[in-house]
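Visitor: One-letter residues, chain by chain:
There are 4 protein chains.
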Amino acid sequence: MKVEFSKNREFDIIAIGRACIDLNATEYNRPMEETMTFTKYVGGSPANIAIGSSKLGLNAGFIGKISDDQHGRFIQQYMNRMGVDTSNLIIDKEGHKTGLAFTEIKSPEECSILMYREDVADLYLAPSEIRESYLKRSSILLVSGTALSKSPSREAVLNAIQLAKRNHVLVIFELDYRPYTWKSREETSVYYSLVAEQSDVILGTRDEYDILENKPNGKNKDTIQYLFQHSPGLIVIKQGVEGSFAYTREGETYKGKAYPTEVLKTFGAGDSYASAFLYALIKGKGIESALKYGSASASIVVSKHSSSDAMPTVQEIEQFIREKESPLNESIHVKG
Amino acid sequence: MKVEFSKNREFDIIAIGRACIDLNATEYNRPMEETMTFTKYVGGSPANIAIGSSKLGLNAGFIGKISDDQHGRFIQQYMNRMGVDTSNLIIDKEGHKTGLAFTEIKSPEECSILMYREDVADLYLAPSEIRESYLKRSSILLVSGTALSKSPSREAVLNAIQLAKRNHVLVIFELDYRPYTWKSREETSVYYSLVAEQSDVILGTRDEYDILENKPNGKNKDTIQYLFQHSPGLIVIKQGVEGSFAYTREGETYKGKAYPTEVLKTFGAGDSYASAFLYALIKGKGIESALKYGSASASIVVSKHSSSDAMPTVQEIEQFIREKESPLNESIHVKG
Amino acid sequence: MKVEFSKNREFDIIAIGRACIDLNATEYNRPMEETMTFTKYVGGSPANIAIGSSKLGLNAGFIGKISDDQHGRFIQQYMNRMGVDTSNLIIDKEGHKTGLAFTEIKSPEECSILMYREDVADLYLAPSEIRESYLKRSSILLVSGTALSKSPSREAVLNAIQLAKRNHVLVIFELDYRPYTWKSREETSVYYSLVAEQSDVILGTRDEYDILENKPNGKNKDTIQYLFQHSPGLIVIKQGVEGSFAYTREGETYKGKAYPTEVLKTFGAGDSYASAFLYALIKGKGIESALKYGSASASIVVSKHSSSDAMPTVQEIEQFIREKESPLNESIHVKG
Amino acid sequence: MKVEFSKNREFDIIAIGRACIDLNATEYNRPMEETMTFTKYVGGSPANIAIGSSKLGLNAGFIGKISDDQHGRFIQQYMNRMGVDTSNLIIDKEGHKTGLAFTEIKSPEECSILMYREDVADLYLAPSEIRESYLKRSSILLVSGTALSKSPSREAVLNAIQLAKRNHVLVIFELDYRPYTWKSREETSVYYSLVAEQSDVILGTRDEYDILENKPNGKNKDTIQYLFQHSPGLIVIKQGVEGSFAYTREGETYKGKAYPTEVLKTFGAGDSYASAFLYALIKGKGIESALKYGSASASIVVSKHSSSDAMPTVQEIEQFIREKESPLNESIHVKG
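Protein chains in written order, with the working numbering: chain A, 1 to 336; chain B, 1 to 336; chain C, 1 to 336; chain D, 1 to 336.
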């Protein structure tokens, strides 16, 4: 199966959704109550993916709304420094703040996040602020599920998807489910299924697909049977230590293994996976390789302190794969 | 062109959306400031269509949320008396009130409505309150655009549409655009186009299609070209005194003329049109006849004081058409 | 005891708070579900008191906020017709609606009200909209408790009281407790006691004083002991069929009897009581007479269909008292 | 003049209002955009005053509401460690977060704060959560103005004041004006003047008294003339480098000079002033000394990195005064 991109566009990928601030406990392996200092990073799934893509050499842009204060300016300056185009990053004029995530790392298995997401700027992106002229300059629109959790950001994203499809921009949906801000399971399922049905590629964990379908313990078989009746051509389902599966509309199944690594914390794994997976896809390396790139990138990030800053380069990923793959190739083409 | 219904279902039509109270000025032809008494009727586009359909002999049901007070109970009792199934009419338990519409009839040309739509019960219908087991008992799900204007009613309707499609229930979208409760033109367009793309039949005025497409002075030609790329098979565009047009995916165009009549007020025309149009369609009378039934029904209602109470019977409609049509048939099949 | 007014002011009384619309069931003695027509009146306690005072010949003004629609204009036109000064009646520019009260009269003992009070215009009166130059032209500022139930109306009233006291305008507090819009008993008690402590005269039912003190089954003795430590000089406590009591800071107690009458409904009794009581006080007739005037006025209104329209004239009240009082005077001066 | 306290109570002072988190830029003298790490402290004016008082050896308690998360628990643990009684610190059960203040120190003259105050736990303290049995165990109730900025915290504080006065607990009002969360100048003035009129002692800057009176460039003379008509017996007005003035109802005026010091940042000056001023007053040292203690304590805190952690001990304050005062006594008794 080949995912078809519109070629010769200025941007490989434009991500839409939240950009916020991570405040990572400088001291690890203790409850946050005992943490006295925090280190500041840019965070938020689609922001991380844009930054990660840019570090991999892709041309990346970002559509989002940031606060008109020091935190908002930090985000913009950092993205610029990382090479992400911020010409469509909108500055909120109604006093909304940047979202915050205080991370607590008690142990590699016990990580938690203390969120500040009340009336944050990113959820105030409005449908009238989406520019068709910007979207059509990209091969891919990457949509993050959390941006669907509240109006008017929800309508901004739905509008961006309509404009993307009209201009043959490939729509990639990173499920990125976070329970806060959603009102109910049913609400989430309504929008996740609406957007999934219109997307070309979907990336998510097995748990996230269960949210999409609003039923527990779903089977991959049922999920792909449902979704391939609609727009998607490629569906990636991540299943933790079991690795990840990629399914194509043509009936192919690919399995990618998770690389064992020294885990410091679990944050950022999904975003680094997505960046590297898409990089490989865009560069025409095929799905089998893309699964390896995604997995390697995730392994590198979970062994480091931040999510955005730790995004690896192509060299790091390929070096990591070489070390882990020899002599065994972990990705198996299950069914033709 | 033939619109295909699932046959042998218990209900011909289930309407979803608002049921509210009309308070019609008992004294006409004066400003409301000088009106001293008001007469109470059941109102709301989808409620009127369910009532109108039932009066025409169809089996009709209604999904909605009503207030737990005298106004809510009046709505339920009236619907029951009119033969509409109210088993899925949900009683609000959080104190939300029934919407009100005070109508002012200064002259046939100058009618206005004073709306009470703040936090009304009908907009609190939740996605978890939609029962698939009820929807699948119907041939048609009639969706009213206003129910999309606010959460959680919006998600309830989106959920109902997903369940309807899964169960081969024909989705008919009555655009029913009302500016209040919508936040912006862009927001309306996002949801109207989303739902239109998933519907089988769409009914609306030319102005309402402009709202759907979010551009002024749209052409029918462009509208149908856009929509026939998606699910719709039949599109009806009403253009006031110029009459109405019905377009089929197969390329047919039908024109229906508006019948001249003594107009008392303009309220209720769209709802009576929809009921009679759908009646004729369901009864297999063909699109040409359906346009006549719709037009005749609208003409009868605008000459009377209420919207729901004035819904005509089949005999009244057919008698009206006979009188108006002889000796000339006003509906012309434009293009095969 | 003599309540001292600033003399020679242009207005005898300025009332502040809500003016809204009563929709009274035209058909009585049945549930509202079966009522088909409603008659429209101006309503709201302080509006009724201003109208009642004006009908009694006092110079009355009104401070409030009304909707920018037909209902708002009706209120203003009606008040003007009744002689109430509306120069400080502010027209809401943010789309808030006039409050509505649908009244149901099942029997004289079973009356209920169906309220529309969600985001109503009267509760949006802002502290910046209170003009000291207007207040200082009056002898009395009449404050209605319901206007304290929500911001910014709450702050507008608190501001008006501060300005009134600075300008030696007598502050009269009509408790007028309505449970809707208040968040909790504690919240009500906080503001009722704050305002009561700053008022010169307080009028209310025994139940309303219990709300003020936030304890059940309060005793008049304790209530007046508490309140006479602060500003009040005259406290009137109404106890239904037992009649009403007036207490002065100097230690006098007056008892007024309720006049038996043919009751149609109970609405409007308190407002007509207040108007006539204050009329008598202003005219220097003494507390004993004021209790009679209040009681007579209330009896007249409860035997009629509306609250505002039914407000009696001085002649009607005095005629009523003459008929009821002969040969026995029902008001007894209990203790000197 | 002597401020009279109820003696022999368990607590010298109970403060009511917000306890939150300060995140102080670890790197100084640069814009926050370039700051990479933040150090965490307990913050919030009344929390700082309780902590400062406890460090000075007073028995201090605190009434407030904290988040049910790591930040809330940190606040409680820190207060306990500092000896502040937290038995009436309430844990929010509705998911509200702790307020945050990111401080930016560009230079001693250019300090700014980036606030997270949207729906914070401290503003959800409810009037029903105030316990009279706790308040009556204290000599002083210290009220912070910011707690009046929103319901239900506003009503909780108004309720606490009513209960304090009923139990002869001295009410001290620290104006602590912060523009955020207040809707308008008029709203602030309404509540500031209401509470000021009921307080026994008021502390604030000249600017804050202008907010209270809602007029620019107020004069101390007019301020004290207005306030001494009501409850206050002692009024302290701070005027930056000009020092501070203390006025008594008996007509005395005291002037305290500001001590020159090496300023790192300006945060925390008011809170440390209040703690030490009240300490001296409670210990019977007289107003003249209290002004010195307040001023010295403020000077010490502005030379250090945090607000709460930097609160000085009695020894530090007295040592500081000795150094600064010799040979000149800076506090002058202006008028007897």
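Hints may contain errors.
The list treats identical chains as interchangeable, and a pair is accepted whether it falls inside one copy or across any two copies.
[Claimed, not checked] Mimicking EDC-like on lysine to aspartate or glutamate, the simulated pairs with C-alpha atoms at most 20 Å apart in a straight line are:
1. Lys106 to Glu94
2. Lys93 to Glu118
3. Lys304 to Asp207
4. Lys257 to Glu197
5. Lys304 to Glu323
6. Lys106 to Asp68
7. Lys215 to Glu129
8. Lys165 to Glu242
9. Lys183 to Glu250
10. Lys136 to Asp207
11. Lys183 to Glu118
12. Lys219 to Glu318
13. Lys165 to Asp222
14. Lys257 to Glu316
15. Lys165 to Glu325
16. Lys324 to Glu288
17. Lys255 to Glu10
18. Lys165 to Glu34
19. Lys221 to Glu129
20. Lys106 to Glu262
21. Lys7 to Glu33
22. Lys219 to Glu252
23. Lys165 to Glu316
24. Lys255 to Glu325
25. Lys255 to Asp92
These are computed hints drawn from the structure, not numbers from a lab.
Visitor: Take the hints in turn and mark each one as holding or not.
Guide: Hints and how they fare:
no., hint, result
1, Lys106 to Glu94, "neither (37 Å within a copy, 25 Å between copies)"
2, Lys93 to Glu118, "both (16 Å within a copy, 16 Å between copies)"
3, Lys304 to Asp207, "neither (25 Å within a copy, 49 Å between copies)"
4, Lys257 to Glu197, "neither (27 Å within a copy, 39 Å between copies)"
5, Lys304 to Glu323, "within (18 Å within a copy, 51 Å between copies)"
6, Lys106 to Asp68, "between (33 Å within a copy, 18 Å between copies)"
7, Lys215 to Glu129, "between (35 Å within a copy, 16 Å between copies)"
8, Lys165 to Glu242, "neither (34 Å within a copy, 35 Å between copies)"
9, Lys183 to Glu250, "neither (36 Å within a copy, 42 Å between copies)"
10, Lys136 to Asp207, "neither (33 Å within a copy, 29 Å between copies)"
11, Lys183 to Glu118, "both (13 Å within a copy, 19 Å between copies)"
12, Lys219 to Glu318, "neither (32 Å within a copy, 55 Å between copies)"
13, Lys165 to Asp222, "between (26 Å within a copy, 18 Å between copies)"
14, Lys257 to Glu316, "within (18 Å within a copy, 63 Å between copies)"
15, Lys165 to Glu325, "neither (38 Å within a copy, 47 Å between copies)"
16, Lys324 to Glu288, "within (15 Å within a copy, 71 Å between copies)"
17, Lys255 to Glu10, "neither (32 Å within a copy, 47 Å between copies)"
18, Lys165 to Glu34, "neither (49 Å within a copy, 40 Å between copies)"
19, Lys221 to Glu129, "neither (39 Å within a copy, 28 Å between copies)"
20, Lys106 to Glu262, "within (15 Å within a copy, 40 Å between copies)"
21, Lys7 to Glu33, "neither (51 Å within a copy, 37 Å between copies)"
22, Lys219 to Glu252, "within (17 Å within a copy, 44 Å between copies)"
23, Lys165 to Glu316, "neither (34 Å within a copy, 48 Å between copies)"
24, Lys255 to Glu325, "within (15 Å within a copy, 69 Å between copies)"
25, Lys255 to Asp92, "neither (43 Å within a copy, 46 Å between copies)"
In the structure shown, a violation is registered for the earlier hints numbered 1, 3, 4, 8, 9, 10, 12, 15, 17, 18, 19, 21, 23 and 25, in ascending order.
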